[in-house]
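Asks: Below, each chain spelled out in residue letters.
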Amino acid sequence: MSKQLENHPLRTVSLKVLEEWGMMLADEISSNEAEFDPDAPLFMSWVDVRGVIDGALSIVAQRDFINVLAHNVLGTDESEELSDAELEDAFCEMGNILAGNFFTEAFGNEVVFEIIKPLVSKVEPEELEKLKKRKVKYFFIADEHPVAVTFSVKA
Amino acid sequence: MAYNVLVVDDSSIIRKALRKTFTMTNLEVGNFLEAENGKVALDILKDSWVDVIFLDINMPVMNGMEFMAEVRKSKELSAIPVIVVSTEGSKERIDELKNAGVANYLRKPVTPEALLTAITQVLGEGKNE
Numbered sequence: 069m070s071k072q073l074e075n076h077p078l079r080t081v082s083l084k085v086l087e088e089w090g091m092m093l094a095d096e097i098s099s100n101e102a103e104f105d106p107d108a109p110l111f112m113s114w115v116d117v118r119g120v121i122d123g124a125l126s127i128v129a130q131r132d133f134i135n136v137l138a139h140n141v142l143g144t145d146e147s148e149e150l151s152d153a154e155l156e157d158a159f160c161e162m163g164n165i166l167a168g169n170f171f172t173e174a175f176g177n178e179v180v181f182e183i184i185k186p187l188v189s190k191v192e193p194e195e196l197e198k199l200k201k202r203k204v205k206y207f208f209i210a211d212e213h214p215v216a217v218t219f220s221v222k223a
Numbered sequence: 032m033a034y035n036v037l038v039v040d041d042s043s044i045i046r047k048a049l050r051k052t053f054t055m056t057n058l059e060v061g062n063f064l065e066a067e068n069g070k071v072a073l074d075i076l077k078d079s080w081v082d083v084i085f086l087d088i089n090m091p092v093m094n095g096m097e098f099m100a101e102v103r104k105s106k107e108l109s110a111i112p113v114i115v116v117s118t119e120g121s122k123e124r125i126d127e128l129k130n131a132g133v134a135n136y137l138r139k140p141v142t143p144e145a146l147l148t149a150i151t152q153v154l155g156e157g158k159n160e
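Sequence lines, in order, name chains U and P. For the first sequence, my numbering begins at 69 and goes up steadily by one. For the second sequence, my numbering begins at 32 and goes up steadily by one.
Simulated from the structure, these hints should not be mistaken for laboratory data. Do not take every clue at face value.
[To be verified] In the DSBU-like style, the derived pairs of lysine-lysine whose C-alpha atoms are separated by at most 30 Å in a straight line are:
{"id": "1", "chain 1": "U", "residue 1": "Lys201", "chain 2": "P", "residue 2": "Lys51"}
{"id": "2", "chain 1": "U", "residue 1": "Lys84", "chain 2": "P", "residue 2": "Lys129"}
{"id": "3", "chain 1": "P", "residue 1": "Lys51", "chain 2": "P", "residue 2": "Lys70"}
{"id": "4", "chain 1": "U", "residue 1": "Lys185", "chain 2": "U", "residue 2": "Lys222"}
{"id": "5", "chain 1": "U", "residue 1": "Lys200", "chain 2": "P", "residue 2": "Lys129"}
{"id": "6", "chain 1": "P", "residue 1": "Lys122", "chain 2": "U", "residue 2": "Lys205"}
Please read all numbers here as calculations on a predicted model, not as lab measurements.
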């Protein structure tokens, strides 16, 4: 992997958020290694960011990842059932935190930007294939669950 | 002596996560109150006194800046220190918040150490003894 990609702020911030906020053991993997369950739905947390550049950050994951994330953030036991609203909230907030930290890491503290409230939606498998073709994308395995993060600049 | 805290954030996850972060510090918490927007927070403050308010900026119904504008109309409410918790942290935004009367700023995700430092800075060391 090139040094530039290794030090890309999206990669470093994603790992930091997964590990420090999500409290997960996270490693970067290749898109081929990311084994999403073909029988389970995919969810995307989409965040528009406006500022020095206008762009969109998206996170794609499945329910198992989101469930672990929410429980870790809340400090609850995984045996405790969380509502769909709580899971969605956790995934939304991950997008929010990731976008804010990424922009600051990439452009510095002097830059003003606005994060539009993230939206969480179910996406088709084709969306994952589109994501793999984006210029800036990273795949991770976090507590044994795959998750993908991408950033795209709006034209 | 315990702190009475009000957390104002439209994300229930963040409100609960902040409660959890409090438990990870050595701070003693009395009443931990939650509001999903500024309007609900103002309603809570009509009947409850808090020592510190943690405030998100981007919220529906009444956002953080609108809440601060209302708080500044009241001498009593203005005395309560407000710590903004947000993901946006440019110098310009922090200056804007301080001009609006905010006492301190924390960037998400909030660590127990950062929380302890922020509380100590606005409320002093006395209550930690």
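Asks: Compare the structure with each hint and give your call.
Replies: Hint-by-hint comparison with the structure:
no., hint, in the structure
1, Lys201/U to Lys51/P, "violated (39 Å)"
2, Lys84/U to Lys129/P, "holds (28 Å)"
3, Lys51/P to Lys70/P, "holds (24 Å)"
4, Lys185/U to Lys222/U, "holds (17 Å)"
5, Lys200/U to Lys129/P, "violated (42 Å)"
6, Lys122/P to Lys205/U, "holds (29 Å)"
Taken one by one, the earlier hints fail for this structure at numbers 1, 5, listed in ascending order.
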